[in-house]
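Undergrad: Here are the chains, one letter per residue:
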Amino acid sequence: MSKNYISSNIRTLRFHKDEMTQQQLAEAVDVTRQTIVAIEKGKYSPSLELAFKIARVFDKKLDDVFAYEPVGDKK
Amino acid sequence: MEKLSLAEKRPLFSLLTTIISFVAYYWYVSELYAEKILDLQGQIEFWSAVILLLIPVFVVSKIILMIILTIINAIITGEETRFDKLDEFGKLIDIKATRNFYHVFIFGFLIFLNSLVFSFNVFISFNIILFTILVSAIIADLSEFYYMRSGV
Numbered sequence: 001m002s003k004n005y006i007s008s009n010i011r012t013l014r015f016h017k018d019e020m021t022q023q024q025l026a027e028a029v030d031v032t033r034q035t036i037v038a039i040e041k042g043k044y045s046p047s048l049e050l051a052f053k054i055a056r057v058f059d060k061k062l063d064d065v066f067a068y069e070p071v072g073d074k075k
Numbered sequence: 076m077e078k079l080s081l082a083e084k085r086p087l088f089s090l091l092t093t094i095i096s097f098v099a100y101y102w103y104v105s106e107l108y109a110e111k112i113l114d115l116q117g118q119i120e121f122w123s124a125v126i127l128l129l130i131p132v133f134v135v136s137k138i139i140l141m142i143i144l145t146i147i148n149a150i151i152t153g154e155e156t157r158f159d160k161l162d163e164f165g166k167l168i169d170i171k172a173t174r175n176f177y178h179v180f181i182f183g184f185l186i187f188l189n190s191l192v193f194s195f196n197v198f199i200s201f202n203i204i205l206f207t208i209l210v211s212a213i214i215a216d217l218s219e220f221y222y223m224r225s226g227v
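So the sequence lines, in the order shown, correspond to chains Z and U.
Per my numbering, residue 1 is the first one in the first sequence, and the count goes up by one each step.
Per my numbering, residue 76 is the first one in the second sequence, and the count goes up by one each step.
Honestly, the hints are just simulated from the structure, not real lab data.
Here the structure is a predicted model, which means the values were calculated and not measured.
Errors might be hidden in some of the hints.
Below, in silico cross-link-like pairs of lysine-lysine (BS3-like), each with a Cα-Cα straight-line distance of 27 Å or less [to be verified]: (1) U:K171 to Z:K43; (2) U:K160 to Z:K53; (3) U:K160 to U:K84; (4) U:K78 to Z:K41; (5) Z:K53 to U:K166; (6) U:K171 to Z:K53; (7) Z:K41 to U:K171; (8) Z:K41 to U:K166.
Some chain Z residues well away from chain U (every beta-carbon gap over 12 Å; in silico) [unchecked claim]: (9) R11; (10) T12; (11) R14; (12) H16; (13) D18; (14) M20; (15) Q24; (16) V65; (17) F66; (18) Y68.
Pairwise CB distance ranges (calculated) [as the list claims (entries may be wrong)]: (19) U:D169 to Z:M20: 19 to 29 Å; (20) U:L185 to Z:E19: 50 to 60 Å; (21) Z:S7 to U:V192: 50 to 60 Å; (22) Z:Q23 to U:G117: 51 to 61 Å; (23) Z:D30 to U:K171: 14 to 24 Å; (24) Z:D64 to U:K78: 26 to 36 Å; (25) Z:D64 to U:L128: 50 to 60 Å.
Where is the CB? At the ideal position from N, CA and C, for every residue including glycine.
The following block holds chain Z by itself, in its conformation from the complex (with noise of 0.2 Å):
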């Protein structure tokens, strides 16, 4: 499994808003629940436009609900 530093608060972010599901943020942002899933899970890292279409169901920005920790990584 390929090593994945983007992590997410979608899922906090879900229930604080009215607990929105998994199914309802995949069709808001187009894609398949399965797709938010993986995200979730930090398996799978999504695509700017997705990441974008995301942080704006939320009203929030990029930077509040994904995150880079890289690890070892060094300035």
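Put chain U on the given structure of chain Z with help from the hints.
TA: Just chain U, lined up with the frame of chain Z:
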């Protein structure tokens, strides 16, 4: 092991239909071959036709079997049957599974060519290609299931 979603079951259904379709087709072809007495040219033509016909037979039988399995799954589990179009995640999985298919197929094709170079029996050579197609298809289905579960 958590319960499989319909999207995760589909590659397993596809795997089952691949095996059933191939076994049924190969059994039918073997019966035909056993009835014939063919010279070298005849054998080449026969097995070439078998491989060419495998493609449409596979496509049609897999479609029919997939529909049947999906309906059976819906009846047994009560899950809503959805035929979602491929999104970016699905397309990436499809690309990677197809890539794995081609890697295995190329390897099998090279074995096939080697068998011709070393004058193997025509029956054996063409069966190498036939079973390469089967193994490649199985690898593709298993890859799809793996990527669906583990991510890409």
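Undergrad: The structure should be examined with respect to each hint, and the outcome stated for every one.
TA: Hint check:
no., hint, verdict
1, U:K171 to Z:K43, "holds, 15 Å"
2, U:K160 to Z:K53, "holds, 18 Å"
3, U:K160 to U:K84, "holds, 16 Å"
4, U:K78 to Z:K41, "holds, 15 Å"
5, Z:K53 to U:K166, "holds, 18 Å"
6, U:K171 to Z:K53, "holds, 25 Å"
7, Z:K41 to U:K171, "holds, 20 Å"
8, Z:K41 to U:K166, "holds, 19 Å"
9, R11, "holds, 16 Å"
10, T12, "holds, 20 Å"
11, R14, "holds, 17 Å"
12, H16, "holds, 24 Å"
13, D18, "holds, 22 Å"
14, M20, "holds, 18 Å"
15, Q24, "holds, 14 Å"
16, V65, "holds, 17 Å"
17, F66, "holds, 15 Å"
18, Y68, "holds, 16 Å"
19, U:D169 to Z:M20: 19 to 29 Å, "holds, 28 Å"
20, U:L185 to Z:E19: 50 to 60 Å, "holds, 55 Å"
21, Z:S7 to U:V192: 50 to 60 Å, "holds, 53 Å"
22, Z:Q23 to U:G117: 51 to 61 Å, "holds, 57 Å"
23, Z:D30 to U:K171: 14 to 24 Å, "holds, 22 Å"
24, Z:D64 to U:K78: 26 to 36 Å, "holds, 32 Å"
25, Z:D64 to U:L128: 50 to 60 Å, "holds, 57 Å"
Violation of the numbered hints given earlier is absent; every hint is satisfied by the structure.
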